[in-house]
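Generate coordinates for the entire structure from the input sequences, incorporating the hints supplied.
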Amino acid sequence: MAENGKRKRNILILAAVIIVLIVAVFSLRKKAPLVPFEEVVREDLSATITSNGKVEPVAATVARAGFPAFVSRVAAHEGQAVRRGQLIVTLDAADVRSQLAQARADLLGAQTDLQHARAGGPPDEVAQFESDLQAARLEVTNLEHDEQALENLVAQHAATPEELVQQQARLAKARGNLKALEAKKQLRTQQSAVTVESAGLHVSQAQELVRSLEEKVRSATVVAPTDGTLYSLPVKAGDYVKVGDTLAEMADLKHVQVRAFVDEPDLGALEAGQDVEVTWDARPDHMWTGHTGQVPKQAVARGMRSVGEVLCTIDNGRLELLPNVNVQVRILVRERRGALVVPREAVRDDRGRHYVFLLVDGKVRRRDITVGVASASKYEVLSGLAAKDRVALPAEKELKDGMEVRPMEAD
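Residue numbering for the sequence shown follows our numbering, starting at 1 and increasing by one per position.
Worth double-checking, as some hints may not be accurate.
Dumping the calculated EDC-like pairs for lysine to aspartate or glutamate here, alpha-carbon to alpha-carbon at most 16 Å [stated by the list, open to error]:
id, residue 1, residue 2
1, K179, E130
2, K54, D281
3, K388, E43
4, K400, D350
5, K388, E409
6, K173, E144
7, K236, D92
8, K173, E139
9, K254, D315
10, K254, D227
11, K297, D263
12, K54, D401
13, K184, D132
14, K388, E38
15, K184, E125
16, K363, E404
17, K400, D368
18, K297, D361
19, K31, E396
20, K54, E277
21, K388, D350
22, K242, D95
23, K173, E197
24, K236, E78
25, K297, E271
26, K363, E38
27, K31, E398
28, K388, E39
29, K297, D350
30, K179, E139
31, K297, D266
32, K254, E56
Here are the computed distance ranges between Cβ atoms for each label pair [said to hold, decoys possible]:
id, residue 1, residue 2, range
33, E197, E151, 46 to 54 Å
34, L201, D315, 49 to 57 Å
35, E197, K242, 32 to 40 Å
36, N326, E197, 55 to 63 Å
37, D315, A387, 34 to 42 Å
38, R283, K388, 35 to 43 Å
39, N326, A299, 17 to 25 Å
In case anyone wonders, no lab produced these hints; they're calculated from the structure.
All values derive from a computational prediction rather than experimental measurement.
Note that beta-carbon positions come from the ideal geometry of N, C-alpha and C, so glycine has one too.
Okay, structure coming up:
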């Protein structure tokens, strides 16, 4: 009997354990999931656009080689503050100076040819031709007088008709000679017009060559056009440079501009004069400020992105921000004082409609909301929520309207 009682007791204990396990498993299955919640609050909210950009001088001066040459002297160093007129680089211009001397001599020759062309030829030739023409005219005049005198004498029987005929022959010959000289003069005048045009063209070409070579000689001496910073000096003495090679880059770096590359969906929020913050990985402890200037009129392809290029004016009084470096840009596009805000991760989207899960009596309830401006981490709520409402953040288990949950505070 004792053994049977012991067996029954063991069976009862085992049954009780099984029941407890079943209840425990059932309870675990029915246990509500843990869900983090955050309270809706009022605070100042800044809507910003963040992107990357590149620093550029506002008004840079780039000195380039105007002719192929060796660098004979470098009188400054990269990063140096320079004053207007200060010598930077000198090129060897001996060959160009020699070409300039020859070009000036050629110009004098072309100008002399033009003077001769306008005068009808060289002075001695022109003088001889005019002398011959005057002599021919005088001869015709004299022979005409002689002819008239002979005609009177013949009428008075003081001269023979044969003498008159001979006189008329001499006059005809003189007139023919004069006519030939006058025709030659007309031809010389016509030819002179063509020669003057050609000689004038040669003078213009020679003058242009002289001006070009003079400019090359001047460009051999590179000086600072204004006060500023010599931020790029890629050459050294003895280097050979080709036409167009960069010799130096200078600018006033106290004010620079950043070309920010803003993604196409954000372009509509941009306006001139918006506050800008710039950071640079090389100086993570520093931030530069400024404002937007020229806003983009079109989007352009940049790699896999479609962006608008926004020019931002940045204060760089300590000259720490260098040209051509890549930076991060934050543009403040809107600001709300005392806005009702929720975390961005609490806001869900259903085909363009925004909603949250609101904690009501231990359950989550879907609540449609209207959002306003957004920052990187929060949304402004225009309708649908009140201060101190608690909204669900993403949880391990998918939330559904009416689901029982165990709320916990978000980290």
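Hints, verified against the model:
no. : hint                    : result
1   : K179 - E130             : holds (14 Å)
2   : K54 - D281              : holds (13 Å)
3   : K388 - E43              : holds (12 Å)
4   : K400 - D350             : holds (13 Å)
5   : K388 - E409             : holds (13 Å)
6   : K173 - E144             : holds (12 Å)
7   : K236 - D92              : holds (13 Å)
8   : K173 - E139             : holds (10 Å)
9   : K254 - D315             : holds (6 Å)
10  : K254 - D227             : holds (11 Å)
11  : K297 - D263             : holds (13 Å)
12  : K54 - D401              : violated (48 Å)
13  : K184 - D132             : holds (12 Å)
14  : K388 - E38              : holds (9 Å)
15  : K184 - E125             : holds (13 Å)
16  : K363 - E404             : holds (4 Å)
17  : K400 - D368             : holds (14 Å)
18  : K297 - D361             : violated (52 Å)
19  : K31 - E396              : holds (14 Å)
20  : K54 - E277              : holds (13 Å)
21  : K388 - D350             : violated (24 Å)
22  : K242 - D95              : holds (14 Å)
23  : K173 - E197             : violated (37 Å)
24  : K236 - E78              : holds (11 Å)
25  : K297 - E271             : holds (12 Å)
26  : K363 - E38              : holds (15 Å)
27  : K31 - E398              : holds (15 Å)
28  : K388 - E39              : holds (5 Å)
29  : K297 - D350             : violated (33 Å)
30  : K179 - E139             : holds (12 Å)
31  : K297 - D266             : holds (13 Å)
32  : K254 - E56              : holds (12 Å)
33  : E197 - E151: 46 to 54 Å : holds (50 Å)
34  : L201 - D315: 49 to 57 Å : holds (55 Å)
35  : E197 - K242: 32 to 40 Å : holds (38 Å)
36  : N326 - E197: 55 to 63 Å : holds (59 Å)
37  : D315 - A387: 34 to 42 Å : holds (38 Å)
38  : R283 - K388: 35 to 43 Å : holds (42 Å)
39  : N326 - A299: 17 to 25 Å : holds (20 Å)
Violation of the numbered hints given earlier is confined to hints 12, 18, 21, 23, 29; the remaining hints are satisfied by the structure.
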